[in-house]
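J.: Protein chains in written order, with the working numbering: chain A, 1 to 111; chain B, 1 to 117.
Rather than coming from a laboratory, the hints here were simulated on the basis of the structure. Watch out, some of these pointers could steer you wrong.
Pairs of lysine-lysine residues, derived as DSS-like cross-links and limited to a Cα-Cα distance of at most 30 Å, are as follows [claimed, not checked]:
1. B:Lys65 / A:Lys98
2. A:Lys68 / A:Lys56
3. B:Lys65 / A:Lys68
4. A:Lys71 / A:Lys56
5. A:Lys42 / A:Lys71
6. A:Lys98 / A:Lys42
7. A:Lys42 / A:Lys56
8. B:Lys65 / B:Lys7
9. A:Lys98 / A:Lys68
10. A:Lys56 / A:Lys98
11. A:Lys42 / B:Lys7
12. B:Lys7 / A:Lys98
Simulated coverage check for chain B against chain A, where a stretch passes if three residues somewhere in it have a Cβ under 8 Å from a Cβ of chain A [said to hold, decoys possible]:
13. 19-30
14. 38-50
Where is the CB? At the ideal position from N, CA and C, for every residue including glycine.
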Amino acid sequence: GESVGLHLPTLSVQEGDNSIINCAYSNSASDYFIWYKQESGKGPQFIIDIRSNMDKRQGQRVTVLLNKTVKHLSLQIAATQPGDSAVYFCAEKSGTDKLIFGTGTRLQVFP
Amino acid sequence: SAVISQKPSRDICQRGTSLTIQCQVDSQVTMMFWYRQQPGQSLTLIATANQGSEATYESGFVIDKFPISRPNLTFSTLTVSNMSPEDSSIYLCSVELYSSGIWETQYFGPGTRLLVL
């Protein structure tokens, strides 16, 4: 079903450390997953995506890991910077069905 | 990715009135989507708008309240009709495009922040 958050979990990390944001998805038939970053006052920004036939994909400073056995997705951000502070959403999709969004995690980076 | 713009970026409206939100994309796209995001919450799909056909609405959303137009492959509008304070939200336009030429993914516009008094 729909995943609409009533509260926003927060992850606080020190600048320069690595961040790991986790997401548990609901549909075992989902075959496509996306991570979005949403800064205050802006629309969601595409970060990285992955298909279900992969378990890892790397981008610039970001890595997405997919564990289909436990329906778990994670986003790793290397050397976290103040500009990484935002709300991060995972999203899942099965075939041509609609995209389903997770509840979101707020990342706070402190000096 | 695509450059997606929305107008207005924000508005304050009186209850009972209607507001039309515009979404413009800099390339031709088949699939366009309208989402609502209430403060501090995740995104909820309102409807899918394909050019040349009627929009498809999600459960809980109806055409009379949220009429949508899709006159061409680069433009769409969403109207929030007979507004009430419960309609105060961020409304987001999204399009589906190929990501780095590999997979189709969804990209979002900047959003329209609506406050209904």
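J.: Does the structure keep Lys42 of chain A and Lys71 of chain A at a Cα separation of 30 Å or less?
T.: Roughly 29 Å separates the two Cα atoms, so the pair holds.
J.: Measure nothing beyond the straight line between the CA atoms of Lys42 of chain A and Lys56 of chain A; if it is 30 Å or shorter, mark the hint as holding.
T.: Between Lys42 of chain A and Lys56 of chain A the Cα gap is close to 28 Å, so the pair holds against 30 Å.
J.: Regarding the pair Lys65 of chain B and Lys98 of chain A, is the alpha-carbon distance no greater than 30 Å?
T.: Satisfied, since the Cα-Cα distance of roughly 21 Å is no more than 30 Å.
J.: Lys56 of chain A and Lys98 of chain A were given as a pair; does the straight-line alpha-carbon distance stay at or below 30 Å?
T.: Given pair Lys56 of chain A, Lys98 of chain A holds - Cα atoms ~23 Å apart, limit 30 Å.
J.: Report holds or violated for chain A covering the stretch 38-50 of chain B, Cβ cut-off 8 Å, minimum 3 residues.
T.: The restraint on the stretch 38-50 of chain B holds, since 7 of its residues have a Cβ under 8 Å from chain A and three suffice.
J.: Verify the proposed pairing of Lys71 of chain A with Lys56 of chain A, using a straight-line Cα cut of 30 Å.
T.: Roughly 14 Å separates the two Cα atoms, so the pair holds.
J.: Keeping to a limit of 30 Å between CA atoms, is the pair of Lys65 of chain B and Lys7 of chain B held or broken?
T.: Judged against 30 Å, a Cα distance of about 19 Å means the pair holds.
J.: When you check the alpha-carbon spacing of Lys68 of chain A and Lys56 of chain A, does it fall within 30 Å?
T.: holds (11 Å)
J.: Given the hinted pair Lys42 of chain A and Lys7 of chain B, is their alpha-carbon gap at most 30 Å?
T.: holds (14 Å)
J.: Against the 30 Å threshold, does the CA-CA distance of Lys98 of chain A and Lys42 of chain A hold or violate the hint?
T.: Answer holds: Lys98 of chain A to Lys42 of chain A is near 22 Å, not above 30 Å.
J.: Check the hint pairing Lys7 of chain B with Lys98 of chain A against an upper bound of 30 Å on the C-alpha distance.
T.: With a Cα-Cα distance of about 25 Å, the restraint between Lys7 of chain B and Lys98 of chain A holds, given a limit of 30 Å.
J.: With the threshold set at 30 Å, check whether the alpha-carbon distance from Lys98 of chain A to Lys68 of chain A stays at or below it.
T.: Distance of about 19 Å is within 30 Å: holds.
When each numbered hint is compared with the structure, violations occur for hints 3 and 13.
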